[in-house]
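Chains as they are written, first to last, in the numbering used here: chain F, 1 to 642; chain D, 1 to 252.
Incorrect hints may have been included.
Stated by the list, open to error - Keeping only pairs whose Cα atoms sit at most 25 Å apart, straight-line, the calculated DSS-like set for lysine-lysine is:
{"id": "1", "chain 1": "F", "residue 1": "491", "chain 2": "D", "residue 2": "54"}
{"id": "2", "chain 1": "F", "residue 1": "24", "chain 2": "F", "residue 2": "179"}
{"id": "3", "chain 1": "F", "residue 1": "532", "chain 2": "F", "residue 2": "500"}
{"id": "4", "chain 1": "D", "residue 1": "97", "chain 2": "F", "residue 2": "540"}
{"id": "5", "chain 1": "F", "residue 1": "213", "chain 2": "D", "residue 2": "54"}
{"id": "6", "chain 1": "D", "residue 1": "97", "chain 2": "F", "residue 2": "213"}
{"id": "7", "chain 1": "D", "residue 1": "16", "chain 2": "F", "residue 2": "179"}
{"id": "8", "chain 1": "F", "residue 1": "182", "chain 2": "F", "residue 2": "33"}
{"id": "9", "chain 1": "F", "residue 1": "532", "chain 2": "F", "residue 2": "252"}
{"id": "10", "chain 1": "F", "residue 1": "626", "chain 2": "F", "residue 2": "15"}
{"id": "11", "chain 1": "F", "residue 1": "491", "chain 2": "D", "residue 2": "209"}
{"id": "12", "chain 1": "F", "residue 1": "383", "chain 2": "D", "residue 2": "209"}
{"id": "13", "chain 1": "D", "residue 1": "19", "chain 2": "F", "residue 2": "500"}
{"id": "14", "chain 1": "F", "residue 1": "213", "chain 2": "D", "residue 2": "247"}
{"id": "15", "chain 1": "F", "residue 1": "182", "chain 2": "D", "residue 2": "209"}
{"id": "16", "chain 1": "F", "residue 1": "540", "chain 2": "F", "residue 2": "320"}
{"id": "17", "chain 1": "D", "residue 1": "54", "chain 2": "F", "residue 2": "508"}
{"id": "18", "chain 1": "F", "residue 1": "253", "chain 2": "F", "residue 2": "529"}
To be verified - Covered stretches of chain F (in silico footprint by chain D; criterion: 3 or more residues with CB under 8 Å from a CB of chain D, positions within the stretch not fixed):
{"id": "19", "stretch": "49 to 55"}
{"id": "20", "stretch": "168 to 179"}
{"id": "21", "stretch": "244 to 256"}
{"id": "22", "stretch": "536 to 550"}
Think of the hints as simulated: they come from the structure by calculation, not from any bench.
Small disclaimer: the values here were computed from a predicted structure and weren't measured.
Positions of the beta carbon are idealized from the N, C-alpha and C atoms, including for glycine.
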Amino acid sequence: MELNANIPSGPLAEKWDNHRFSSKLVNPANRRKYRIIVVGTGLAGASASATLAEQGYEVSTFCIQDSPRRAHSIAAQGGINAAKNYQNDGDSIQRLFYDTIKGGDFRSREANVYRLAQVSNNIIDQCVAQGVPFAREYGGTLANRSFGGAQVSRTFYARGQTGQQLLLGAYSALSRQIKNGKVTMHTRQEMMDLVLVDGKARGIVTRDIISGKLSSHSADAVILATGGYGNAYFLSTNAMASNVTAAWRAHKKGAGFANPCFVQIHPTCIPVHGHFQSKLTLMSESLRNDGRVWVPKKPGDSRRPGSIPEEERDYYLESKYPSFGNLVPRDVASRNAKEQCDEGKGVGTTNLAVYLDFAEAIQRDGKATILKKYGNLFQMYEKITASNPLHEPMMIYPAVHYTMGGLWVDYNLMTTIPGLFAIGECNFSDHGANRLGASALMQGLADGYFIVGTCIANYLGSNPLATVEASEQPFTEALKQVQANIARLLKSSEGGPEGKLTVDEIHKELGLLLWDHCGMARNKEGLEKALKELPLIQKKFWDTVYIPGTGEELNQSLERAGRLADFLEFAEIMIRDALAREESCGCHLREESQTEENEAKRDDAGYSHVSVWEHMGDGEEPTLHKEDLIFENVTPSQRSYK
Amino acid sequence: MSIDTIDLSLEIWRQKDSKATGNFETYALQNISTGMSFLEMLDVLNENLTRAGKDPVAFDHDCREGICGMCGAVINGVAHGPEPETTLCQLHMRHFKTGDTLVIEPFRSRAFPIRKDLITDRSALDRIIQAGGYVSVNTGGTPDGNTIPIPSATAELAMDAASCIGCGACVASCPNGAAMLFTGAKISQLCLLPQGQPERTERALAMVKAMDTEGFGNCTNERECEAVCPKGISIRNIARMNKEFVKATFFG
C-alpha cells in the first residue's frame with residue numbers, strides 16, 4: 001500500500017491556493033456527464049451533494065434514515081469555530097491552525113489543518129447566507145463564545161442546536177438541488193458494499209431498508225460521508241444507526257484505515273445508570289464556560305451536593321490547570337474525571353460521575369442569563385435525570401463520542417482506492433489524536449462545501465474513465481456476495497431462538513471489552529487480553545446469534561446484526577492499533593507512558609506518524625503502514641494547560 | 001435517579017407492511033425501571049419478543065436525544081406521549097405507574113403511509129421543503145456574515161421557528177391532518193430574515209401548494225399541533241404563514 005499524501009509544495013499559507021490553481025478543472029458543459037455517488041447526508045454529505053450538484057454534476061445521494069435531515073450531525077450542540085476575529089481578541093487563521101494542531105496532540109497533518117482554518121471563515125458566510133439563525137449581538141452582528149482548548153471567542157452558535165441548524169442549512173441546499181433534479185435522493189438505503197472496476201471505485205450496492213431489496217448503483221466517483229464508528233462500544237453518544245459498515249467495506253476492498261484507536265471520550269455526558277441503557281447523552285462542552293467541575297475532597301462522601309461546604313469541595317480542574325481551568329481540552333477533562341472517580345471521589349448512585357455546578361454563575365449573572373445561554377441543555381438534563389441544574393449541580397461522566405480515526409485520505413480527501421473519497425468524520429485527517437470542541441462541524445462543512453469539489457474535478461479531469469453500468473459483472477458479483485453475507489447472518493437462526501443470543505446481547509459484550517481494554521486508559525496486558533477474547537465473541541456471534549424474520553422485508557434485527565458483524569471485525573484493528581501505539585496521545589492514555597505528574601506522555605521520536613492498516617484478507621493479520629507526520633511550521637511540544 | 005420498577009400492559013399496533021391490515025396486540029411487561037426512556041422500554045419488550053421467537057415491534061428512532069425527529073408514536077391518544085415538549089425518546093418511564101395500560105400506535109395521517117408497525121413514511125415533509133424551504137444561494141462567493149446585520153430579537157424569533165425537528169407529531173395530532181405548523185415554521189424562519197426576502201412570495205405559494213398536493217389538510221385552529229410539538233413551536237407561525245400566503249396571492 002502506497003501512502004502518498006500529495007501535500008502541495010510551497011509555504012503553508014499558499015498550499016491550498018497553489019493546489020487549487022494546479023488542480024485540473026472540468027468545464028461546466030462536461031460536468032453533467034459525470035455521475036457522483038455520495039453516501040451519507042450529515043454536514044459533510046449534504047453539503048458535498050448540494051455543492052457538486054450546483055457545479056453541474058449528476059449526484060446520487062444515499063442515506064439510512066427516512067429523511068436526509070435526520071443525520072447525526074443534528075446532535076452537535078455547542079458551536080462551530082471560525083477565525084473571523086470578530087471579537088478582536090487576537091484570533092487569526094494561524095492561531096486557529098495552531099490551536100487545532102496542538103489540541104490534536106500533534107498527530108494531524110499540518111497542510112490539511114491549515115486549509116481547514118483557512119476555509120472556516122467561508123463556512124460562516126455560507127451558512128449566514130442560507131439563513132442559519134446564528135446568535136446575534138444587540139447591534140445585529142454575529143455573537144461568539146469560547147470553547148474548550150481555546151483562549152479566544154471564536155465559536156459561532158445557534159442556541160444549543162448549532163449542529164441541527166447547520167445541518168438544516170445544508171439539507172435545504174440539498175433539497176433545492178433535489179427539486180432541480182440534479183440530486184437523486186435515495187432514503188432508507190444502507191450501503192452494503194463498494195464496487196471496484198479496474199481498481200477504481202465505480203459504485204455501491206445498497207439494501208432498501210423497507211423492502212429488503214438489494215440494488216447496484218454505478219458512478220464515476222464515490223464519496224463516503226458516513227460518520228464515525230463510536231457505536232463499536234455499544235454505549236456512546238452516537239445515534240443508533242451510526243456504524244462502520246460503509247468504511248469497513250471500503251477497507252476490505254483496499255482502502256487503508258488510519259488511526260482506528262483514536263476515539264474521543266467526551267467529558268460532559270450524562271452518566272450511565274442502568275444495564276438497560278441504550279445510549280449516552282452528551283451535554284454540550286460549552287457548559288464548562290460557566291459550570292465549575294468539582295468532587296467532594298473526601299472519598300466516599302455521599303452527602304447531597306448542597307450539604308458539602310465550599311472548603312470540602314475539590315475544584316480539581318481549576319487548581320491543577322489554573323490558566324485554562326474548566327476549559328481544558330476534552331481529553332484532559334475526561335482523564336481527570338476518571339482519575340477522581342478511580343480515587344473513590346465519584347458521586348451519584350454509581351460513583352461514576354462528577355459535579356458540574358452552575359451555582360456561582362447563577363449568583364453572578366442571574367438565572368435569566370444562564371437560562372438564555374443553556375436553557376435547552378438544562379431542560380434536556382432535567383428530562384433525563386429528573387434533577388434541575390438550577391437547583392442542584394449536574395452530574396457528568398466521560399463517554400465515547402467522536403472518532404478521530406477513519407479512512408486514510410490524501411490532501412485531496414481521496415482514499416487509497418482511486419475514485420473513493422472520504423469526508424467528514426469518516427476520514428482521519430484533521431483532528432489528530434483529540435478533537436477540540438466546535439471543530440467537527442467545521443471539518444464536515446469545510447470538506448463538503450469548499451474542498452471536495454476541487455478534489456473531484458481534479459480526479460475526473462486527470463483520469464479518463466470508461467462508462468460502466470450497474471448491470472455489469474463487478475456489480476452483479478458484489479450483489480451476490482452481499483446476498484451470501486445476509487444468508488450467512490441468518491443461518492444460525494434456523495431452528496428458533498432456543499439457547500441463542502440476541503444481537504444486542506453480543507454487541508454489549510463487544511462494547512464492554514472495548515471500553516475496559518481499549519477505552520480512556522489502555523495497557524499492553526489488557527489490549528493483548530482483548531485481542532485474545534475478541535475471536536471468542538466473534539465466534540459466539542456467528543454460531544449463536546438469533547435474528548427473527550427474513551432478509552426480504554423490513555427487519556431491524558437484521559440491520560443491527562449486519563452492522564455488528566462489521567464492528568466485530570473492525571474491533572481487531574482498533575485493538576491492534578492501540579497496542580502498536582506505545583505512547584499516550586490525546587485522550588488515549590497508554591498507562592506505560594506517563595509523565596511524573598501522571599499526565600499523558602507523547603513520544604514524538606517513536607510515534608509521530610499516522611498508523612494506516614491494510615486488509616490482507618479474512619483471517620489474515622492486517623499490515624501496518626506509517627505516514628510520517630512532518631512539522632515544518634509548528635514545533636511539537638508537550639501540551640500543557642497549566 | 002430512582003431505581004423503582006413498574007409493571008405495564010401494552011397495546012401496540014402491529015401491521016406487517018403497507019398493504020396488510022393492522023391490529024392491536026397486547027403485551028405484559030414487568031419490572032420496567034422508571035429511569036428508562038420509553039424507547040428503552042420498547043427495547044426490553046423487543047428483546048423479550050425476540051427470545052420468544054416472535055417478531056419484534058418495528059419503530060423509528062435514531063439520535064435518542066430528542067433532536068433528530070425520527071422517533072414518534074401516539075401514546076394513549078397523544079403524539080409523543082403525555083409530557084409537554086418531549087419527544088418519545090426523551091419520555092421517561094417515571095411518568096407512568098404500575099398497572100397502567102399504554103396504547104401505542106403510529107402517527108396516523110393520509111400523507112404518512114404506514115410501513116410497518118409504528119414506522120410511517122414522512123417523506124411528504126421533505127417534499128414540502130423541496131418546494132421552496134430554502135434560500136437559493138450557491139456555495140461560495142457569499143458576503144461576510146456581519147454584512148447582513150440582524151437584530152438579536154429577530155434572530156431569536158427566527159430561531160424559535162427554526163427549531164422544528166420535522167417529526168410530524170403536528171400532523172398526527174391535527175384532526176385535519178394539516179402540516180401547517182411544520183410548513184409555517186420554515187416559512188416564518190425565512191421570511192423573518194433578510195436572506196429570505198428575495199424568494200418570499202414564491203416560497204409561500206410553492207410550499208402551500210406542496211402541502212395540498214401531498215394530501216395534508218388545512219388548519220381550523222384546533223391548536224392540537226402546538227400542544228404536542230416537542231419543540232414548543234407556536235401556532236403564531238401558522239398565522240404568519242397565512243399572512244404570507246394571502247399577501248403573495250393578492251399582492252404578488
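Task: Hints not upheld, ascending by number - done: 2, 4, 6, 7, 11, 12, 13, 14, 16, 18, 21
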